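Novice: Residue numbers (my numbering), protein chains in the order written: chain D, 281 to 396; chain S, 21 to 266.
None of these hints come from the bench; they were simulated from the model. What you are looking at is a predicted structure, and each value in this text was computed from that prediction instead of being measured. Ideal Cβ positions, reconstructed from N, Cα and C, are used throughout, including at glycine. Be aware that a few hints might be false.
To spell it out: a stretch of chain S is covered by chain D in this simulated footprint if at least three of its residues, at any positions, have a beta carbon under 8 Å from a beta carbon of chain D; those stretches are [claimed, not checked]:
id, segment
1, 103–109
2, 114–123
3, 134–141
4, 201–207
5, 211–222
6, 232–240
Spelled out from the first residue to the last, the chains are:
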Amino acid sequence: MSFAQAIGDWHALAVLFVAGVVPNQIWRMLGLWFGGGIDEGSELLVWVRAVATAILAGVIAQIVVEPPGALATVPDVLRYGAVGAGLVVFLLTRRSIFAGVVTGEVFMLAGKWWLG
Amino acid sequence: MALPPLDSSQWQSPWRAFAWGLRSITQTILTIVLFVTYLGIGALAHDTHFSLLWALCSTLFVWAGPAQIILITTLGSGATIIQSAIAVTVSAIRLFPMVVSVLPLMRTPKTKRRELIFAAHLTAVTLWVECHRFLPKVPRERRIAFVHGLGCGLVSVCLVANIVGYFLAANLTQTFGAAILLLTPLSFLFSTARNSREVADVVALVLGIVLYPLASKMNSGLDILVSGMVAGTIAYGVHWWREVRA
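Model the full assembly from the supplied sequences, consistent with the hints where possible.
Specialist: In structure tokens:
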């Protein structure tokens with residue numbers, strides 16, 4: 281790979297900023313702007329944290345329900361099964377993230393291998 | 021590695037606090053999850069014909085895994101800039117309440133807003149989860165420096181992962197690609213679940229997952245926002261009801 285290839289063209293970098301950096305960063309800066317006056321123990325913050333958790337839960341559900349890229353080649357039952365199996369082990373191991381993630385991945389890979 | 025006690029002289033220098041933050045990346049499994057996820061993002065960027073610099077800039081300036089994956093896959097499949105920007109911004113709405121809830125943990129009465137800009141930029145799900153875990157063990161006046169160290173460490177790991185993934189791309193199978201993409205929901209789910217100490221957190225997590233498929237039927241483009249606001253508000257209602265009764 282040449283130096284010029286590693287850099288790529290400036291148009292693509294401009295697209296990165298317009299379509300990626302600005303639409304993403306705007307929420308952090310709004311959070312910084314609004315968050316300035318909120319007290320750590322306030323009720324408003326309890327609500328904000330609950331909404332943050334629920335939106336994150338939505339992002340998790342979206343990736344599993346409407347999978348992007350290569351994950352779309354994995355059958356529905358394997359994706360849901362992987363999350364379910366990981367969750368069971370996560371709870372059985374007194375909330376080990378590592379055990380949960382590994383179980384989910386192994387379930388998906390084993391299932392894919394089994395189905396050919 | 022254990023962090024020094026709160027009253028230790030180790031915390032007197034902000035640079036020491038930065039170094040402790042940097043070293044704390046070895047204390048979480050999420051560092052490995054991030055490494056593999058960003059390996060995948062590097063490979064995805066390569067396969068979609070973006071340059072290596074482009075991939076590295078997206079990690080440095082976007083710094084949110086789902087947004088980067090959405091950006092690369094939408095642009096790669098021929099979406100317009102506007103369509104990609106909308107998809108990215110919807111996925112990024114979660115960063116707003118995350119920043120609002122994490123910054124009070126590191127602020128002192130004397131902290132100026134501009135001192136928090138970099139910490140706000142570094143805030144993403146991993147940092148959000150780890151701040152709630154690490155910051156109670158860090159003296160308040162050194163928390164910003166600690167978070168800068170932790171964040172810089174995580175970003176560096178991901179930049180290296182991008183480079184490795186970019187050059188390995190041609191050798192990665194589709195199954196491996198699927199396994200990498202599955203890492204994001206698994207690690208997000210379990211790390212958030214581990215951080216859920218109060219009933220409201222658990223309700224928000226469970227309802228947020230259950231309500232999303234329902235909200236997505238509306239196909240509004242703002243489905244995650246709708247399910248998140250509803251589930252989060254119900255969870256807050258549960259919290260409020262318990263507090264009032266207690």
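Novice: Of all the hints numbered above, which does this structure not satisfy? Sort the numbers upward.
Specialist: none
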